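As a plain string of letters, each chain reads:
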Amino acid sequence: MIKLDSVSKEYHRRSNVIHALRPTSFEVAAGEFVAIIGPSGSGKTTLLSILGGMLAPSRGDVLINQHSLYSLSTKRRSRLRNEQMGFVFQSFNLVPWLSALENVQLPLSLYGADDACQRSRALELLERFGLQDRMDHRPSELSVGQQQRVALARTLAMNPPFILADEPTGNLDTQSRDLVMSTLKELQAEGRTIILVTHDPTVSAAAERVLHIADGEVSEVEAAAETHAA
Amino acid sequence: MRFHSLIWKEMLRRPGQNITTLLTVALGVGALVAVESVVSSSEQKLAAQMQQLGANILVLPDGVSLQDYYAADEHGKTIPEEYVSRIALAQKVGVEELAPKLAVQTEWKSQQIVLTGILPRTEFYKKSAWQSVDLLTMGLDESLADGNAVGSTHEGCKGHSSHLATGDKTDLSSYASTRVVHELNQNAVLVGADFAATHGLQTGQKMDLLGETFQITGVLPATGTTDDGRVFAHLHRVQELTDSGPVVNVVEVLGCCEEVADNLVSDLETMLPEARVVTISQIVETQVTVNRLMAKLSYAIFGILMLMGGASIASVMFANVTERRRELGTLMALGATPAMVARLILFKALTIGLAGSGVGFLLGLAAALVAGPQWLGLRILISLEAVVVGLVAAVLVALLSSYFPARKAAHLDPCLCFQER
Amino acid sequence: MRKLIGCVLLVAIFPTGGIAATITEQVESAMAAGKTTYIMMFRSNDQASRNMAHTVKSHATANSSRAAFIAVNINDKSQSELIQKFDATRLPMPTTFGVAPNGAVTGVFRLAVTRDQLAKAMLTPQYAATIKALQDQKIAVVCLLPKGSQAIPSGVTQFQQSADFKGKTERILVSADDVSEEDYFRRTKVATDIQSPVIMLFVPPGLVLGKFDANVLGETLAEKVHSSGKCNCKKCLHK
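Listed in order, the protein sequences are those of chains A, B and C. The numbering of the first sequence is this note's numbering, which starts it at 1 and goes up by one. The numbering of the second sequence is this note's numbering, which starts it at 231 and goes up by one. The numbering of the third sequence is this note's numbering, which starts it at 652 and goes up by one.
Hint data in this document are derived by calculation from the structure and do not stem from the laboratory. All values derive from a computational prediction rather than experimental measurement. Any given hint might turn out to be false.
As the list claims (entries may be wrong) - Partial list, computed: chain C residues near chain B (C-beta under 10 angstroms): (1) P743; (2) L774; (3) K819; (4) M851; (5) V854; (6) P855; (7) L860.
To be verified - Selected chain A positions facing chain B (in silico; Cβ < 8 angstroms): (8) G52; (9) L55; (10) L72; (11) T74; (12) S78; (13) R81; (14) F89; (15) N93; (16) Q105; (17) L106; (18) Y111; (19) D166.
Note that CB positions come from ideal geometry on N, CA and C, so glycine has one too.
Given the sequences, and given the hints that come with them, work out the whole structure.
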């Protein structure tokens, strides 16, 4: 379970105060699929960064399973991110000079897992996404869809309970988009908590719950259907 | 996949950039190793020469500059052989051997060789012996006055030794240390070790030189000097055949010990005001001074190249961090700590430093091994001090230069991973 | 031309009153007469030559029973043998040699000479023998004998007969009875009234190895000679 308690984020630039995120409080239950929808510059990425333990809020607190995220040291927060959070990035963010297999191994390597464990887990995930024949290929040698699948495999390397997705379908064709969304649904079915950030209402429709953000202000949308109507 | 794999694979992605930086480091280390090795080997050779030559003094024509002690007779200028008689008859304390030389270029079997006229020890002994009365008088006054005689152990060196021809003096092998042969008749030649080996010459064979036939009466032992490549005949015969008159290019004076060398030098300068008198230690001092200058210069060049290398490393690392900010942000999002990210940068720099010093060591070794024997006639031994200093300095410079880039990397905002390309 | 000038100078400086015996004959004659011959080598009629000639000639005249003076121009080809014998072309000029009747060179005086130096070059017969031995590369074993004794110390005989030194030594006996050898005793600072032999050991070119009494062993003399091959100061011994 993730809980935000009066979390806000301001930036001070010269004499101006920029409210990237106004005070907000909400909870995401375990196993819930939440979409955060808003236009570009609305504060979606700021919110996701705060949720992911990568950006300390100016005020308020983030609780992961009742434990304050930002009371942890940077090192422990990194560890928590490695073990419990899986990120899906809009641009995949694969390391260009590592093979598909090595990209998937990355979280395990950062954790300190031994080589055999890294390899077997990475192979298993690549097989899940049908990429076992491409394991030695570099990202530049893969199609866009294949790259996104490698990225998804990497997300799952540490079997994280939380998945944070930032515009995961932004650069994809219809087929690949469908694959990503169905995968996220699968992951939810496995009991993971999914928080997805998007500007696309059709993507947010897949979520159980939608939060709207505009000018740093988060508001709850009653139901996914209402977002469609909006 | 281990931590070091991340570094290696990233470096191999774009080797060109890293190679340039590595080469700068390598050049610095290579220059240091090469020059220091040459200097160190030169000093060792000089020390060995000093030990071998002891208290040697050269009497040269005025105005002759001396590049090489062993080629002291190759300048073409002359002094009267009368100087030799002056020295021999003066019976100065400390003079053990006299070796006047006259080097002439001549042709033998269609090739140019250097024929050196030398005076055997017996000639020096003959002239010295003319002073027997004076020597006895001096000896009788000293020895009987204080109850001691020459030949017993005493404080300070009296500087006269007997002219008895003991076995080792008459043996050609003593030439290596004394640079004088005991006897040499007018129709005989001696050949240097290298000359004999190159032309397959042996004792008993004949050589036609300057229109005369000489017999080889011996092959001199190897001395590691220019003498090894020469032919030697009686000085007076060479003078006669070349119509040069009674002149020589140089007179080597071997002192009995360094204790008397300084006094001997001033005595010789007074006796021969028209000549130039130099000691082996003066020549060596010059060479030692040059060596020290070279050593300092090598460290200065090394320092400059290290600064350049450091600046290059810093520049490359800063660019690398900027270029990889999304990637590094992603690593942080995946769980890499700031310290880990900093280590990626530092260890990359360390790798460049180590590899650069390794390549530099090989470059320096190759340069020293080629240049030493070819250009300087030295057998090179690698200076371990230079290797260690080079390695340590290269690593330190690499790490220091990458400190700020590593800090920058550690302070990157992980949210960069969310930036759209 | 130079030869002519040389000859003229010879006559001018050293008037002989007519064509005299050749120089070689003069030298042989002086040696046969038991005289010390002073042979002055010169190149030209410069001031140094004239000065030296004057000094040597005066000394020879004052000691005419014991000394003779001969001048040789090194440009005179007819004297090449003598010039070559003394390697005079390689000496500073003028140079005067003192030559004992037995052929030993008793002194070499370059550029200038004093009467005192010339006097010291006149040696007793046994001293000349000693010098000759040294110049022949022999070890001189000098026995200074007391009056009325001819006994040679056994150590001397042992030394001379030893395997290392047989044929390489010359024994010179100087008796206190011989008045003509008083100078020898003076030079060696040995009293003429010694009661027992005194042995002196000299090696080429003229080094004094020691003074010993009559009981000296042959081995002692041998050891002295062996250690004289090079300078014997402590530092040299460590070479």
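Verification of the hints:
At a threshold of 10 angstroms, the smallest CB-CB gap from P743(C) to chain B is about 5 angstroms, leaving the interface hint in force. This hint holds: L774(C) has a C-beta 7 angstroms from the nearest C-beta of chain B, less than the 10 angstroms allowed. Annotation: K819(C) was flagged as interfacial toward chain B, and the flag holds, the nearest CB pair being 8 angstroms apart, inside 10 angstroms. Proximity of M851(C) to chain B holds as hinted, the smallest CB-CB distance being about 8 angstroms (cut-off 10 angstroms).
Look at V854(C): its Cβ gets to within about 4 angstroms of chain B, closer than 10 angstroms, so that hint holds up. Taken as an interface hint, P855(C) checks out: its beta carbon lies about 4 angstroms from the nearest beta carbon of chain B, inside 10 angstroms. Proximity of L860(C) to chain B holds as hinted, the smallest CB-CB distance being about 5 angstroms (cut-off 10 angstroms). Interface restraint check for G52(A): the shortest CB-CB distance to chain B comes to about 7 angstroms, inside 8 angstroms, so the restraint holds.
Contact between L55(A) and chain B, as hinted, is supported at the beta carbon level, the nearest pair being about 6 angstroms apart and thus within 8 angstroms. At about 12 angstroms, the closest approach between the beta carbon of L72(A) and any beta carbon in chain B exceeds 8 angstroms, and the interface hint on this residue is violated. Interface hint at T74(A): satisfied, since its Cβ lies 6 angstroms from the closest Cβ of chain B, which is below the 8 angstroms cut-off. For S78(A), the shortest C-beta to C-beta distance to chain B is roughly 4 angstroms, which falls under 8 angstroms, so the interface hint holds.
Proximity of R81(A) to chain B holds as hinted, the smallest CB-CB distance being about 5 angstroms (cut-off 8 angstroms). With its C-beta approaching chain B no nearer than about 6 angstroms, F89(A) sits inside the 8 angstroms limit, and its interface hint holds. Because the smallest distance between the Cβ of N93(A) and any Cβ of chain B comes to about 4 angstroms, under 8 angstroms, the interface hint for this residue holds. Interface hint at Q105(A): satisfied, since its Cβ lies 5 angstroms from the closest Cβ of chain B, which is below the 8 angstroms cut-off.
Annotation: L106(A) was flagged as interfacial toward chain B, and the flag holds, the nearest CB pair being 6 angstroms apart, inside 8 angstroms. For Y111(A), the interface hint holds, since its Cβ comes within 8 angstroms of a Cβ in chain B; the closest pair sits about 7 angstroms apart. The closest approach between the C-beta of D166(A) and any C-beta of chain B is roughly 5 angstroms, which is under the 8 angstroms cut-off, so the hint is satisfied.
Violated hints amount to a single one, hint 10; each of the other numbered hints is respected by the structure.
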